[in-house]
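Keeping the supplied structure of chain A fixed, place chain B upon it in accordance with the hints.
Protein sequences, first through last, are from chains A and B. Just so you know, we're using the working numbering here: the first sequence kicks off at 1 and counts up by one. Just so you know, we're using the working numbering here: the second sequence kicks off at 1 and counts up by one.
Take these hints with a grain of salt, some might be off.
Stated by the list, open to error - Some chain B residues close to chain A (C-beta under 10 Å, calculated; not the full set):
| # | residue |
| --- | --- |
| 1 | Gly8 |
| 2 | Ala9 |
| 3 | Ile11 |
| 4 | Ala14 |
| 5 | Asp16 |
| 6 | Val18 |
| 7 | Leu21 |
Stated by the list, open to error - Using C-beta positions, here's what the derived DEER-type ranges look like:
| # | chain 1 | residue 1 | chain 2 | residue 2 | range |
| --- | --- | --- | --- | --- | --- |
| 8 | A | Gly74 | B | Arg24 | 39 to 49 Å |
| 9 | B | Arg25 | A | Leu37 | 27 to 37 Å |
| 10 | B | Ala30 | A | Thr129 | 14 to 24 Å |
| 11 | A | Arg115 | B | Arg25 | 12 to 22 Å |
As the list claims (entries may be wrong) - Chain B is nowhere near these chain A residues, computed Cβ spacing over 12 Å in every case:
| # | residue |
| --- | --- |
| 12 | Leu21 |
| 13 | Phe27 |
| 14 | Ser38 |
| 15 | Gln51 |
| 16 | Leu52 |
| 17 | Val80 |
| 18 | Gly88 |
| 19 | Leu106 |
| 20 | Val110 |
| 21 | Phe132 |
| 22 | Val140 |
| 23 | Asp146 |
| 24 | Ala148 |
Since the hints were derived computationally from the structure, they do not count as laboratory data. Glycine included, every Cβ here is placed at the ideal spot set by N, Cα and C.
Read off the chains here:
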Amino acid sequence: MGLERSDTLRERFELAGDGALITAAMFSAFTSIALLLSAPFEQSEVPVAVQLMSAVAVFVPGVAGPVVAWLMHGRRISLVAVLGAMAGVPVAGVVLLAFALLTFVLGWIVSPISRADYAGPLAGVGLLTIGFFVLVGRLVIAAVRDLASKGPSRRALAIARVLSAVVVTAFSAAIVFLAFPRRG
Amino acid sequence: MLIGAVTGASIVTAADLVTRLSARRSEEAAAVAPR
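Pulled out of the complex, with its shape left as it was, chain A reads as follows (with noise of 0.2 Å):
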């Protein structure tokens, strides 16, 4: 009994985190499509059909990220899932305004170090980042163990796991070496 229950919330736990993962590639994915086709048009206006792929590349990922995660937990898309995705956006929205506010809150506890305008935010995107990679460390590592020991059941999850593990961190990078250029 004990070991279902266990089981139940590691199958939730890795729902939620693929759901987040998974998600996460494509919207890294499509955003550095989006910012390749843009960086040509940086001293004029950028086409509208660029700036409508752009908005696309936001829209996309929030649908298929969920709907690829859920299929490869092998669940099935019902009238009741769709309903439960759909009450999952405006929890979403609660759940980032609430971190907007905390970031308000962080930048009081790091103001005798910086009293910089950005400084809450900042300190509030560190942490959620280091939360999110800290997932995705227990992620892959599950992802690994799933590839030696189990059957092909979970091959396909596991793959997607690891290549979506190197698109965001790729992303990551990529976003860090921009914001901070090297000097000299």
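Here is chain B on its own, set in the frame of chain A:
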């Protein structure tokens, strides 16, 4: 990317929760239904 992660996790967790609740309700309804 982080907004995508929060959105993805929220959507699948809500879908999972609602699906489980619906399945439990169906099981309970089946258990009390007259045979």
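Hints, verified against the model:
Taking 10 Å as the C-beta cut-off, the interface hint given for B:Gly8 holds, the closest approach to chain A being about 3 Å. With its C-beta approaching chain A no nearer than about 4 Å, B:Ala9 sits inside the 10 Å limit, and its interface hint holds. Given the 10 Å rule on beta carbons, the hint for B:Ile11 holds: about 4 Å separates it from the nearest Cβ of chain A. With 10 Å as the threshold, the beta carbon of B:Ala14 comes within range of chain A, its nearest partner Cβ sitting at about 3 Å, so the hint holds.
With a least beta-carbon distance of about 6 Å to chain A, the hint placing B:Asp16 at the interface is held under the 10 Å criterion. For B:Val18, the interface hint holds, since its Cβ comes within 10 Å of a Cβ in chain A; the closest pair sits about 3 Å apart. Evaluation of the B:Leu21 hint against chain A yields a held restraint, the C-beta minimum of about 9 Å falling below 10 Å. Distance hint check for A:Gly74 and B:Arg24: the Cβ-Cβ separation is about 19 Å, which falls outside the suggested range of 39 to 49 Å.
Taking 27 to 37 Å as the suggested C-beta distance range, the pair B:Arg25 and A:Leu37 does not conform, at roughly 48 Å. Remark: the range hint 14 to 24 Å for B:Ala30 to A:Thr129 is contradicted by a beta-carbon distance near 46 Å. Range check, A:Arg115 to B:Arg25: about 53 Å between beta-carbon atoms, so the 12 to 22 Å window is missed. The beta carbon of A:Leu21 is not kept farther than 12 Å from every beta carbon of chain B, the shortest such distance being approximately 7 Å.
At roughly 3 Å from the closest C-beta of chain B, the C-beta of A:Phe27 falls inside 12 Å, breaking its exclusion from the interface. Distance check for A:Ser38 against chain B: the nearest CB is about 18 Å away, which clears 12 Å, and the non-interface claim stands. Distance check on A:Gln51: its Cβ is at least 19 Å (rounded) from any Cβ of chain B, clearing the 12 Å threshold; non-interface status holds. With a minimum CB-CB distance of about 19 Å to chain B, A:Leu52 clears the 12 Å threshold, and the non-interface call stands.
With a closest Cβ-Cβ approach of about 5 Å to chain B, A:Val80 is found to fall inside the 12 Å limit, against its non-interface label. Look at A:Gly88: its CB is around 3 Å from the nearest CB on chain B, not clear of 12 Å, so calling it non-interface is violated. No Cβ of chain B approaches the Cβ of A:Leu106 within 12 Å, the least distance being about 15 Å, so the stated non-interface status holds. With a least CB separation of 19 Å from chain B, A:Val110 remains clear of the 12 Å interface cut-off, as annotated.
The Cβ of A:Phe132 does not lie farther than 12 Å from every Cβ of chain B; its closest approach is about 6 Å, which violates its non-interface assignment. For A:Val140, the requirement that its beta carbon stay farther than 12 Å from each beta carbon of chain B is met, with the minimum near 15 Å. Every C-beta of chain B lies more than 12 Å from that of A:Asp146, the closest at about 19 Å, which supports listing it as non-interface. Every CB of chain B is more than 12 Å from the CB of A:Ala148 (nearest about 26 Å), matching its label as outside the interface.
Violated hints, listed in ascending order, are 8, 9, 10, 11, 12, 13, 17, 18 and 21; each of the other numbered hints is respected by the structure.
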